[in-house]
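Sequences are here, hints too, so could you generate the full structure?
Take the sequence shown: its letters are residues 21 to 154, numbered as in our numbering.
The set of hints was computed from the structure by calculation and includes no laboratory data. Some hints could be false.
Okay, the calculated beta carbon distance ranges per label pair [unchecked claim]:
1) R69 <-> V153: 22 to 28 Å
2) Q26 <-> S59: 32 to 38 Å
3) A58 <-> G133: 29 to 35 Å
4) G117 <-> E67: 26 to 32 Å
5) T141 <-> Q86: 30 to 36 Å
6) R29 <-> V153: 29 to 35 Å
7) Y75 <-> G115: 29 to 35 Å
8) S137 <-> V92: 14 to 20 Å
9) D50 <-> P146: 28 to 34 Å
10) A108 <-> S59: 20 to 26 Å
11) Q26 <-> K124: 28 to 34 Å
Simulated crosslink set (DSSO-like; lysine-lysine; CA at most 30 Å straight-line) [said to hold, decoys possible]:
12) K124 <-> K134
13) K124 <-> K43
14) K43 <-> K121
15) K43 <-> K134
Even for Gly, the Cβ is constructed at its ideal location relative to N, Cα and C.
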Amino acid sequence: MGRNEQIVRDAYARCRSGDFEAKWDIVADDVTWTSSGASNRIATAGEWRGANGVYAYFTALFHEWQILAFDVVEMIGHDDRRFFARVALELCHNGTGARVKMEKVDALTMEDGKCTSFSETFDAAPVERAARVR
Numbered sequence: 021m022g023r024n025e026q027i028v029r030d031a032y033a034r035c036r037s038g039d040f041e042a043k044w045d046i047v048a049d050d051v052t053w054t055s056s057g058a059s060n061r062i063a064t065a066g067e068w069r070g071a072n073g074v075y076a077y078f079t080a081l082f083h084e085w086q087i088l089a090f091d092v093v094e095m096i097g098h099d100d101r102r103f104f105a106r107v108a109l110e111l112c113h114n115g116t117g118a119r120v121k122m123e124k125v126d127a128l129t130m131e132d133g134k135c136t137s138f139s140e141t142f143d144a145a146p147v148e149r150a151a152r153v154r
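Rendered as structure tokens:
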């Protein structure tokens, strides 16, 4: 296992235990972070740039949602640089109390121990329903 793969696996393991600050340790200063959905419907949707952008993403995420379960179902790496993780989640919306179970796919690019790009892809419809977005 390469150095970057170990860093990614460790960060996901920490997230699984509820330590989402693990992401801060591996984010490059100039990271590009994207998330599915329309930004007028999901607070975390769209593109976030830099470490401050990622901080804003997580601030929006935890303002709206509680993460009840976070399990990496599968992880694939290529050349110790590109990684894909299929993640099963259970979320609870802080405003409505509605729960949603979903899967997402994360695509990461790692360079010298830091994540330079991150993209999460998921079906936004169940998330919108739980938040009662019309």
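Check: So which hints don't hold here, by number, going up?
Finding: Of the numbered hints, 5, 7, 11 do not hold.
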